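Residue numbers (the numbering used here), protein chains in the order written: chain A, 1 to 808; chain B, 809 to 1117; chain C, 1118 to 1272.
In short, the hints are calculated from the structure, not lab data. A couple of the hints might just be wrong.
Calculated lysine-lysine pairs in the DSS-like style (CA-CA distance at most 27 Å, straight line) [stated by the list, open to error]:
#, chain 1, residue 1, chain 2, residue 2
1, A, Lys397, B, Lys936
2, C, Lys1219, A, Lys678
3, B, Lys828, A, Lys740
4, A, Lys210, A, Lys586
5, B, Lys875, A, Lys607
6, A, Lys547, A, Lys477
7, C, Lys1196, A, Lys47
8, A, Lys126, C, Lys1162
9, A, Lys806, B, Lys965
10, A, Lys126, C, Lys1219
11, B, Lys936, A, Lys398
12, B, Lys1104, A, Lys740
13, A, Lys781, A, Lys761
14, A, Lys489, C, Lys1219
15, C, Lys1196, A, Lys126
16, B, Lys936, A, Lys587
17, A, Lys678, B, Lys875
18, A, Lys585, B, Lys875
19, B, Lys1104, B, Lys1067
20, C, Lys1162, A, Lys114
21, A, Lys477, C, Lys1219
22, A, Lys606, B, Lys875
23, A, Lys740, B, Lys965
24, B, Lys1061, A, Lys740
25, A, Lys644, C, Lys1143
26, B, Lys875, A, Lys586
27, A, Lys806, B, Lys1067
Bear in mind the structure is a predicted one, so any value in this text is a computation, not a measurement.
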Amino acid sequence: MVTIDDLSLKDVTLDRLPRLKRLRELHFATRPEICVELPRNITSYMKHLDNPADSPELRAGKLYKYVMENKRPVIADENLLAGTTTARTIGVVLYPDFMALSIWPELETVSRRKKNPFGITREEIKELNFDIFPYWPDHTVQEVAKRDNGNPLCQRIMERIVFYIATKVYCISHTVPNYAMVVERGLLDILREARERELSLGGSKEARAKKDFYQAVQLSLSGVISYAANLSREAERLAAKEVDTKRRQELLEMAEVCKRVPAGRPRTFREALNAIWICKIALHQENANVALSLGRLDQVLYPFYAEDIKRGLTLAEAVELIGCFWLKIADHVPLSPETGEELFGGSGSNQAVTLGGVDMQGEDAVNDLTYAMLKATELLRLRDPNVNARYYPEVSKKEYLDRLCEVNINTGATPCFHNDASAVEVLTGQGVSLEHARDYSSVGCVEPSSSGRTYGHTGCILMNLTSALEMALWGGKHRLTEDEQIGPKTKPAVAMTSFGEFKKALETQLGWLIDQVVTLNNNLGRAHQEIHPTPMLSALMEGCMEKGKDVIYGGATYNSSGAAMIGLADVVDSVTAIQEFVFDKKKFTMAEMISAINANWSVPYKKLQAMVKASPEKFGTDSRMARANADWLIGFLHDTFQSKENYRGGKYTVGYWTMTNHAGFGALTGALPSGRMKNEPFASGITPVSGSAPVLTSCLNFVARLDHTRIADGHALNLKYTPSTTTLPRFANTIEAFFKMGGLQVQFNIIDRKTLEDARKYPEKYPDLFVRVSGYTAYFKDLNPHMQQEIITRAEYDLVTGEEQKYG
Amino acid sequence: MTSFSTANLTTARPLVFDIKRHALEDGPGIRSTVFFKGCPLSCLWCQNPESIDPGPEIGFYPRDCIKCGDCVQTCPVSACALEDPFLIDRERCTRCGDCVEACPGRALRLIGRFYPVDELVDILLRDKIFYEVSGGGVTFSGGEPTLFMDYTSAVLKVLKDSGIHTAIQTNGFFAWEEFGEKILPYVDLIMFDVKLADAGKHREYTGQSNKPILTNLKNLLAERAEAVLPRIPLIPEFTATVENLRSISDLLKGLGVKKCSLLPYNPTWISKAENFGKNVDPRLSRHLLTPQELKKYRDIFSWSELVTF
Amino acid sequence: MFDIERFISGLSMDKALERLGEKFLKSLEDETAETFLEALLAFMKIKFMFDPAYRKNIEGFRGRYQFRSRDGGVAVLVKFEDGDMKIREQTSDDVNVTVSFKDGRALMNFLLSANRDILRGLLNNEVVVAGNLNYMYKFGFMANHLQLELTGNLP
Ligand code: SF4
Ligand code: SF4
């Protein structure tokens, strides 16, 4: 319910919330440091205490009990919430059975590298090198999958980087746990249920597996409760030493909070926030945080907020607590070795919070807390959490959309906008019930997912579409891997006589690539089942308790896997150029096209390039040809992926969002038939190629009318609006129109090129400048040069003229 | 009834030189504006010089030129030269369009294209939802849309049937009966230019008398006052003089007008005109109006509601 | 592959370390870094022999590495076992990891973090690793450590 009059909460400022102001400054002044606590605890447990005769679930249950009990309770600053992801202020978490070992070669240089250095001490290097890492080379998910499947082709192909990435080698997060369960019941109640269910089971083999699962839940949750108790004791200890009476009072309150939650049901807004935060920490010990998302916090927390307001909590205090939570969320960064940094770097953990939209009955669900959370977002301007706003045309209020736009203008980059009407259609199309579909939230970048009941690993596959295009042009070979016959042998493009033939070859290569990547994801999924079940995530996921199954075995109510496609617009434009110039108009031959791209469109081919580039047959225009090709490609990818089953019995969905991968894959890819030059970034997400979609309304129209039910893993339309022209109601009108035409998601950078170029030159002047990448937000200074270039040259529309501002 | 004739112009098929989408300044909301080629007036300050001539013309867009020289090779009358700045000898050019065909990067474009009614309607309906959410619609501008009454009327009818808000921008130089029959029933807003009160000056600077224009304005106000929005372009030294604006103000007040629109001068069109090889009258200012000047002019019309989009 | 034993015979431990260290550093500066692999392996071996702190890296470690140049000119099998390092000019399939590289410079660019150009390596398809990458990471640490130590750049 909305009761506040001033939706912008103009009275609430950072100056009036000095704690947040200081914490924010501290956040930006702190260099991330590698934390060895988690890998140390996991390794010593595995070396000395693990019993390999136990089932995978039981082993995991015991392990996480140990990890949580031995986690150091840290209260490092004046944040009102207790608990830290690592033992550091901003920590880099290492997961020894995932990708931690990739930092091994760089341990002695990582603190001095140019981009995103991580602090690490001499002792920690020694400990990792001599004690921790040596245990793991044969025990990582990646190597277990490789060994179990005889080093299959699909995995060797991933190691060539340019084709696809299967992210299960990093973790299985990318989901929204059921935090409503945490605040409505408390962990003890969940633990009790697991106990009762365990005791009610007989002795059959199947029952034994379930029993192990229930035990694992109990063990690991008891570990979480111990951790909270340790935090409480730590707060008491600090309080006893504290001389400042106000601070002592705060610490004593904190001790009380942690005594109560997350074991019991919270009574206050602060307790509810802290309960969620402690659970989030726990889940983060189990899995690297790649888009471990928070869901609809304005809905989940509203009852606690409303009660507290009745009891006298002020709006400013509420915003302060939310701000404390937002800053906690940002207390760690993902590990990224140099290669990753160079190609794909600059990302945070991409933890999505979803606000607004409709409730399960389809009624407007925006409430006061929605606005309080928007305020905290506007004040803090942090890369995490990634704030996603839901809007239902005709149901949501206009003033809500206006406020969202205002926050986007003021922060330059957040929130992003989701269309409820389309998202609900997407989910019901995948078999989600209407009520559950309406209760969706965004995972990671943009992926709509029914909250707390879907394990949809929505980012398990990142596939480079242009690699299939290359193979279609070169009969199954790729320029990067030279003479190797990677894909199936198809007719060399020079010998093709019709556009249909070319499309067939592309389908063959795409189909083959999909086979590979799906096989790999399933292999990795089974490796997770074998060595890395997730009892804590399963405890907080609807469906697992009833089925008596870990999420990794398909315990959740809904079970899909999501694959993100990179390079959509570049491939559509390339295919369309081949259709238009080689086959329809016969302006030049396929042989000439291939010579041109082999020569990187250099001098003898400049005219061809100008011709191709100037053609209006482009993704994001009114072109019928480009539309037909986009529809065909999106349809083919959807149908092919949907025909595959994942290792949990769920389906594969396809999305178009790219994080920084369009720049990374672009850097590795040669010139394309679209006129794109070698090494240039691809267009991001579902965004047209910069410079090819000059008219804003056509661009929005094109994307909105793509069949979103075949884009079930979401899409990111990334646009830039010129700040001086971005005012209300213009801004809101473009979003409303896009949504009414069926658009699924759109996000904006409201920033001009000058500022970005200046920030590239003088990063020190812009420590907290943040931008939308493709799906999530990142600090501009952290992005690698390819990615910075892509953001700078990304299509920018002037909202007065509705035209793209040409770059250069 | 009048001494003017546009017959020689209207015999040509109507050519459209631009369809501007997401137009915000040609009426309320988000609009698409159709610019016709061809105008019976030839205002010295015309900001769309490509709109006066009803025939096709060759436009050059320097940023798209890769200097390949194909146009020079192609031109049958040697009217193109690959110099800096790029030159088309407009005297020689026969507008055959061969260079446009030859140009790989669309740096040379044919300005002015005929759209069958269906095709134009199809384009205009694409942005229907933008019109709906913003209270916008479609505007016909020019050139002079009333030069092509039958065509404009046909398009307007379809748009009205689709429930779209329609507007035209006219210089008022049209045959009243025909306008009343073919256009008036299908437009929601008529933006009517009133340039100069003095008949002699009007003839001098626009090439035509203002008599028929003012008669049309009177008729229109009598018939559909609520749909009419007089617009006064503020051209320094020409229309933007206190004397002229006072006279126009008195005239409009006398006609019972309640609201009007002032169009501040914007000199950025000059370089665009030069791309089309148009000569720009040296008396035209190259500066924006100052806020003080603007205020002075607005004050003259303070009795009315001043509309801006 | 040159003969380490002969190269160091008659030298004191310190001298031997110094000579091979110099040789390793020199191989990095060379345009094609043709001798990079052999200089690295030789220096590594002698470090294991004489430097107990460095030897700790391979105590209790078993690992088999195959290095191969793309043109077939170089094929070296490196075996770590019980604190010992063996270098053999031979090929074997029974290894944890196989590294094929275009040339010495490519391998160097791949292994050493300092001044490395990751993108170039990938774009030129310079190094292909097959097998267990974690073994490669470990080897990478040991190689980087040597360079950092010699150039006085240890943290
Ligand atoms: S339109 Fe014809 S005559 Fe005019 S410049 Fe082009 S080719 Fe020459
Ligand atoms: S043909 Fe076009 S691109 Fe070539 S020089 Fe002439 S105008 Fe420029």
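Taking the hints in turn, this is what the structure says about them:
Between the alpha carbons of Lys397/A and Lys936/B the distance comes to roughly 22 Å, so the proposed pair stays at or under 27 Å and holds. Restraint check for Lys1219/C and Lys678/A: the C-alpha separation of about 22 Å stays at or below 27 Å, so the hint holds. Between Lys828/B and Lys740/A the CA atoms are separated by roughly 22 Å; this keeps the pair inside 27 Å, and the hint holds. Between Lys210/A and Lys586/A the alpha-carbon distance is near 65 Å, which puts this suggested pair outside the 27 Å criterion.
Distance hint between Lys875/B and Lys607/A is fulfilled; the C-alpha atoms sit about 10 Å from each other, no more than 27 Å. Distance restraint check for Lys547/A and Lys477/A: the Cα-Cα separation of roughly 46 Å exceeds the 27 Å cut-off, and the hinted pair is therefore not satisfied. Distance restraint check for Lys1196/C and Lys47/A: the Cα-Cα separation of roughly 25 Å lies within the 27 Å cut-off, and the hinted pair is therefore satisfied. Using a Cα cut-off of 27 Å, the hinted pair Lys126/A and Lys1162/C holds, with the two alpha carbons roughly 21 Å apart.
Taking the CA atoms of Lys806/A and Lys965/B, the gap is about 36 Å. The hint is violated against a cut of 27 Å. The hinted pair formed by Lys126/A and Lys1219/C fails the criterion: a straight-line CA distance of about 33 Å is larger than 27 Å. At most 27 Å may separate the alpha-carbon atoms for a hinted pair to count; Lys936/B and Lys398/A meet this at roughly 19 Å. A C-alpha spacing of about 44 Å is found between Lys1104/B and Lys740/A, which places the hinted pair above 27 Å, so the restraint is violated.
Restraint check for Lys781/A and Lys761/A: the C-alpha separation of about 10 Å stays at or below 27 Å, so the hint holds. Only pairs whose Cα atoms come within 27 Å are accepted, and Lys489/A paired with Lys1219/C is accepted, the gap being roughly 26 Å. Straight-line distance between C-alpha atoms of Lys1196/C and Lys126/A comes to about 23 Å, which keeps the hinted pair within the 27 Å bound. With a CA separation close to 36 Å, the supplied pair Lys936/B and Lys587/A exceeds the 27 Å bound.
Pair hint Lys678/A plus Lys875/B holds up; C-alpha atoms about 23 Å apart against a cutoff of 27 Å. Distance check on the hinted pair: Lys585/A and Lys875/B sit about 23 Å apart at the alpha-carbon level, within 27 Å; holds. Between Lys1104/B and Lys1067/B the alpha-carbon distance is near 18 Å, which keeps this suggested pair within the 27 Å criterion. At most 27 Å may separate the alpha-carbon atoms for a hinted pair to count; Lys1162/C and Lys114/A exceed this at roughly 32 Å.
Simply put, Lys477/A and Lys1219/C have alpha-carbon atoms about 19 Å apart, close enough for the 27 Å limit, and the pair holds. Taken as a hint, the Lys606/A and Lys875/B pair is honoured in the structure, with Cα atoms around 10 Å apart against an allowance of 27 Å. In summary, the hint linking Lys740/A to Lys965/B is supported, as the alpha carbons are separated by about 25 Å, within the 27 Å threshold. Between Lys1061/B and Lys740/A, the direct Cα distance comes to roughly 43 Å. Violation of the 27 Å bound is thereby established for this hinted pair.
Only pairs whose Cα atoms come within 27 Å are accepted, and Lys644/A paired with Lys1143/C is rejected, the gap being roughly 54 Å. Simply put, Lys875/B and Lys586/A have alpha-carbon atoms about 23 Å apart, close enough for the 27 Å limit, and the pair holds. Distance restraint check for Lys806/A and Lys1067/B: the Cα-Cα separation of roughly 38 Å exceeds the 27 Å cut-off, and the hinted pair is therefore not satisfied.
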